[in-house]
Structure formats: C-alpha cells, structure tokens
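Residue numbers (our numbering), protein chains in the order written: chain A, 5 to 429; chain B, 454 to 709.
Keep in mind that a hint or two might mislead.
Claimed, not checked - DEER-style ranges, computed between Cβ atoms:
(1) A:Glu158 to B:Glu534: 49 to 59 Å
(2) A:Asp308 to B:Gly576: 28 to 38 Å
(3) B:Asp562 to A:Gly429: 49 to 59 Å
(4) A:His39 to B:Gly479: 36 to 46 Å
Claimed, not checked - Pulled a few chain B residues facing chain A out of the computed Cβ check, cut under 7 Å:
(5) Pro518
(6) Ala589
(7) Trp605
Calculated directly from the structure, the hints in this document are not laboratory data. Don't be surprised by glycine CBs; every beta carbon is placed ideally from N, CA and C.
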Amino acid sequence: MTAARDPSTAYVAALGGAPVAPASPQGGWLERYEHLVGARTLRALEALARKLKGHRIVMVNTTKTGGGVAEILHRVVVILNELGIQTSWEVMEGDEQFFGVTKKMHNALHGHTQPLTEEDREVYHERTRIEANRLALDGDLILIHDPQPAFLIEHRREPGQHWVWRCHIDLSRRDESYWDFLKPAVARYDTAIFSHIEFVPPLTVPAALVPPSIDPFAEKNRDMSEEEVETICERLGLDAASPWITQISRFDRIKDPVGVLEAFKLVRTRRPSHLILAGGSASDDPEGAEVLAEVRENAKGVKDVTILELPPQSDIEINAIQRASTVVLQKSLREGFALTVSEALWKRRAVVASAVGGIPLQVLHERTGLLVRSIEGTAFQTIRLLDNPELRRDLGTEGHVHVRDNFLHTREVRDYLAVFARLLG
Amino acid sequence: MDQAPPTAVSEAFTFYTPSPLESPAGQVATDMQSLRDGIAACSEASLFQHVTRMPVRFPHAKDVPENDFARWAGDQMQMPEVSERLAFVGSGSSASFDELREALLGVLDRVQPRERKREAPEGGSFYFIEAHSVLAPLGVDARTPAEVIEVWPWIDLGSAFYHLVEAPLYGTSEHALIPWLREHGGKTMADSAEQVVRSSRPLNILLKEVGSRWRRSMIGRRLIERAEAPELERQREARAAMARLAGRLRGRGNKG
Chain A
5 MTAARDPSTA
15 YVAALGGAPV
25 APASPQGGWL
35 ERYEHLVGAR
45 TLRALEALAR
55 KLKGHRIVMV
65 NTTKTGGGVA
75 EILHRVVVIL
85 NELGIQTSWE
95 VMEGDEQFFG
105 VTKKMHNALH
115 GHTQPLTEED
125 REVYHERTRI
135 EANRLALDGD
145 LILIHDPQPA
155 FLIEHRREPG
165 QHWVWRCHID
175 LSRRDESYWD
185 FLKPAVARYD
195 TAIFSHIEFV
205 PPLTVPAALV
215 PPSIDPFAEK
225 NRDMSEEEVE
235 TICERLGLDA
245 ASPWITQISR
255 FDRIKDPVGV
265 LEAFKLVRTR
275 RPSHLILAGG
285 SASDDPEGAE
295 VLAEVRENAK
305 GVKDVTILEL
315 PPQSDIEINA
325 IQRASTVVLQ
335 KSLREGFALT
345 VSEALWKRRA
355 VVASAVGGIP
365 LQVLHERTGL
375 LVRSIEGTAF
385 QTIRLLDNPE
395 LRRDLGTEGH
405 VHVRDNFLHT
415 REVRDYLAVF
425 ARLLG
Chain B
454 MDQAPPTAVS
464 EAFTFYTPSP
474 LESPAGQVAT
484 DMQSLRDGIA
494 ACSEASLFQH
504 VTRMPVRFPH
514 AKDVPENDFA
524 RWAGDQMQMP
534 EVSERLAFVG
544 SGSSASFDEL
554 REALLGVLDR
564 VQPRERKREA
574 PEGGSFYFIE
584 AHSVLAPLGV
594 DARTPAEVIE
604 VWPWIDLGSA
614 FYHLVEAPLY
624 GTSEHALIPW
634 LREHGGKTMA
644 DSAEQVVRSS
654 RPLNILLKEV
664 GSRWRRSMIG
674 RRLIERAEAP
684 ELERQREARA
694 AMARLAGRLR
704 GRGNKG
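If we strip away everything but chain A, and leave its shape as in the complex, we get:
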C-alpha cells in the first residue's frame, strides 16, 4: 500500500529501506557502542539479528521529535538497520482534537482521571481510520508504541503479520474506564511489552518485560570535560564551593522535593553542603507551579539551597549538574522506572534513592547506590557518602558497570530482537 506522506516525516518512513537517520555517526552507532559493551556483545546481537534476516519491521508512534519514545526510536531504528534488519518508522499524525483526546488518555492511564466522552471516542476512532489508510504498515512485524496508535490493528492487520504493542507508560494506577476502552485492541496483539512488571495490567495476550534504556551518546549522558562542566555550571550561576547534593526531577509531589529539602536541613546541621533542586519549568503545569511555590516557601531561610527551573531541552545542563554533584538523590514517593537514576549512575555518581518502582532494579543497596525509605534515612546515607570518597567511588564505579550491562540501548535492542525472534523465528 502506498500512502501520501507529510514530507517532513519522509526520512523516518523510508518504506522498504533503511531510514536515513539524521544523527547517524560515521561508522554507525554499533561501532560507537563497541568500545562500551565490547565486540563479543555486538557479535551476539548480530547472531540474533541473523535469525531475522529477510523480515521487515515497522515501528509506529505519534511523534518524530520530542519525548522519550521518539528519542529511543531515533537510535533503535538505525541500530536495527545496521544489524541488517530492514526497519522503517511510521509516524501517525493527528490534529489538535485527536491529541487532546490522547493526552487525556495518557493522563488517565497514569491515574489522573478525566472522563472519556462519546465524542472523544469518535475523534479517536476517526483519526485511527484515516491514518490506517495512510500509513505504510506492510512489514512482517508491526511494533506499535503506546496507546495513541493502538487501534490501527483493527484496520490493518494482514494475515501472516505479527503485531506487538509496546507500552512505555506506567499503568499501575490506571483509570479502569480508559483501560476498558483500550483492552479490546490490545487483546488483538500477539504480544504486549511493558517496561516494568508492576505496570502490567491483566491481559489475555502474552506479556514481555523490556526495561527502558539510556543513550550514552545523547547530550544528557555524553562524556564532558571538567572545563565544560565548570563553564555550564557557571553559566547557570552554580558556583557553591561545598559539595553538591542534587535532585533533578520535575516539581511534582510524588518526587517529594519538600522531603528532599527536609533531609537536606538535617544534613546541613552536620556537614557543609549545598542542595540543588533542578526541574523542568512549571509554568504550563498548575500543579507543578503550586509544588514549586511550596518548595520555595519551605526553602525560605535555609542556607545553601538553589532551586533551578530548567527550560525544556536542558539536557546538557542536566548532564553538567549531575557530573558536578557529589551525591545525586531520587527521593520519590512513587516512581515509574526513573531512568534519571541510570543517567546518574552512568556518570559514576553516588546515588541515594527511594526503594520504589523501577529504582531497586537500578540501585542495588550498598552495591550500586543506597536505598532509603525516610527523610532521616536520606540524610543519614547522604552524610555517609559525603564523608566517604572511597564509598562514593566504589558505588559509582559499580553503578556505571551495572548500567552498561543492563540499561543501554544495545540491551533494549537485544530484548526487542528476542521478542521478534520468538514471533517470527
């Protein structure tokens, strides 16, 4: 089937051939990974990929830029093609109305309930019908990312095709009425993939677990010289001489920024240190603005606290702040997977984090970081780390190794290949 396509998405939808990735480095991504994960790991990936030779994979999501899924697809699609698996990437388009409905759906599946009206359903189904006619979904395996394009299967599944639904969001606190809406579509897939076992709802199809991963070459994670770190921090006005304790998270109650502040107050009574609470701008999020105001109120009169509102696309700043920090905190009350922890571990930082959600998969207590359950525990473990450079170094080193083995894109690609091979092999 051929379809009219927005020229701006043409590079991702290179039907029948390797997509022209805008950021493919000379020699390819796999070559760049070789010095990180080793040639033997790449040979194992190639072996698995050989099982899929001749098959065509189509990835589908709803945006080519912005957001974690698009970031991952930019890399994974290129890596799959480098491995010899013909993989294309289709972007489902929609108007404001459609994305209004899918935003509501996204929030409700995260637990923020808003009623799904009959009109919402109509808008959603109508756009799905239009896009089902337009998109090039003629691969052997179609991998649909997230709920927005989930119903394409009802219109386009061909005999002999395999369809896989990849859910990147945390469904553990889902609004059941939205899940009831989505369930009939998910039931038609061959497999559903989730990031973490706690996110898996009751299903009638097999589930697979594929944790998310980080890109070690992205601006947020790439290596930086000390001079570069210093320059960026100076530009942000961060020049505290005492050791930095940092939490980078949006201003959201579940990230417990007030709890972080309380823990810091306890630390500050015993050790000189400086707290940096950095997060995304709260200007377009009423609750975020409220939490930020609360944090500022609580920080009044507390010495050595910097609260930073970072604009979107502040990846390089986040990278520099994490690298300049002595201790990185993730004192969440609830979490999804919390990849920010892997990002800090990748930079060999000493991490103190709550034992919730996907954090214990990344922080193995006393091995790759320190797990805590209370404000006092956070203060205690932070002081331990401030006092003990060897412990910081050991945890940071093991944390880096753990992320290299388990949370880089090459591992996520391997997991996808295993799912594909199980279905197609």
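For chain A, the structure is supplied; the task is to place chain B on it using the hints.
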C-alpha cells in the same frame, strides 16, 4: 594428555547465544508466607530468573549480588538473617531446580510464624518473573576440545553461561559443553570448567578463568607438538613469540 583426535564434523559443538525474554510469572509476594508459596509454586524459569541467572544479570560486578529473594527479604522485609540464608542457598549456580527450590523453602520454613504474615511496605511487593532464552547460533563451531580453546575468546558471556550452566540445568544435553568435552577426550578441560562453574564467580571472571585454565592444560601438548615440529618452523615460531613479547613490553612501557 587427554586430547582426542578430531572427531567427525557432525559431532561438532555449535555455540549459541541466548537472549533472555522476561515475562510475568503470575505470583506476587506481599509477605514471607506468600514468598514461600510463590517459590513452592513457581516455574523453573522463574527460579532461573531470580536465582540462577544472577551471574549473567551482573556479569561485570565485582562479586555476584545475592539473589532476588534474598535481596527482597533484606531490603523490603528488613529481615537480614533470612536474607543471608537465602543468599547462601542460592549461591550455587549448578544446583538443580528441585534442589534449589527445596533449599529456599527450607530457609523460609524456619521463619517464625508471627513474622510470616508481616506485610511488605507499600510498593514493596515481590513480583515473580520468568526468563526464557531465545537462542541464536553464534556461527562458531568446535570439532575438538582444542578448537573450543581457540574459539573461546569469541564467545560472549551469555553464551558461555548458557553452555556451562543453563543448558545442563534444563537438560538440553546437546548444548551442554562440559559433557561434550568429556565425550571428546577433553576430561581435564571438563573437570576444570566444572570446578570454576561451581565457584559461582562473576561471569566475566569465570569466562577468563575457564579460558586460562584450558590454555594452561594445553601447554604439555603444545610442547610435544613443537618438539616434533621441523627446526625451521620452531625457529619461525620462536621469533614470532619474541616479537609479540617485545610488542607487549613496549606497550607497557608506553603506558607507564
């Protein structure tokens, strides 16, 4: 010398690389009693994921972390003594699934009845997972034990673990390397590999140790071969060895 002559190609050992496909196993533990019930009922693939696979999940760790059950008992249930016991009984990667299950249940049966029903903190439940390996041929075969030594540096960590631990545990005898070595005259190699596997070391160390033990075990045979080789060939090999050594020393000097 236990080296057998090369066997027929049909008896070659083919190396596979496994990719673990993880999925929910169904059981959820919210206290020590339900952990016990879960372990009693779970599949072998679940015991494999939570206990046996630890070396391959943390292949480059300084030492292999305690298994998931032990870590949960320690981190979430705050029961260090039970955690230690679970860690110990789960640390022998060559134990059969029946032996492993029995040993884990033995530890949990010793938990005081009043402690068994104490609930995990909110968000601290233990979800059982299964791991099934999807296999792909690495494109590497060995026809003799000596060839296994030659190809060993090409074998990835997952593949080594699969052929030394996973395949024998699941009774996939055609993929079990140690029995194959025995059958093909590599008894010394098989014994030393078995010894290393039993030590439950981190996988990257295990892989290196197996390789170096095997290479050492071949020194005698190589000496005999060299002694029997023509003079010219021996001189050429000696010069090449000296050049390699000099290269290594130069490299070390540069680093220093």
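Hint-by-hint comparison with the structure:
1. Checked against the hint of 49 to 59 Å, the C-beta distance between Glu158 (chain A) and Glu534 (chain B) comes to roughly 55 Å, which is consistent with it.
2. In this structure, Asp308 (chain A) and Gly576 (chain B) meet the distance hint of 28 to 38 Å, their C-beta atoms being roughly 31 Å apart.
3. Distance hint check: the CB atoms of Asp562 (chain B) and Gly429 (chain A) are about 42 Å apart, inconsistent with the given range 49 to 59 Å.
4. Between His39 (chain A) and Gly479 (chain B), the C-beta spacing of about 41 Å keeps the proposed range 36 to 46 Å intact.
5. The interface hint given for Pro518 (chain B) is met, as the beta carbon of that residue sits about 6 Å from the closest beta carbon of chain A, less than 7 Å.
6. A least Cβ separation of about 4 Å between Ala589 (chain B) and chain A falls short of the 7 Å threshold, and the interface hint therefore holds.
7. A least Cβ separation of about 11 Å between Trp605 (chain B) and chain A goes past the 7 Å threshold, and the interface hint is therefore violated.
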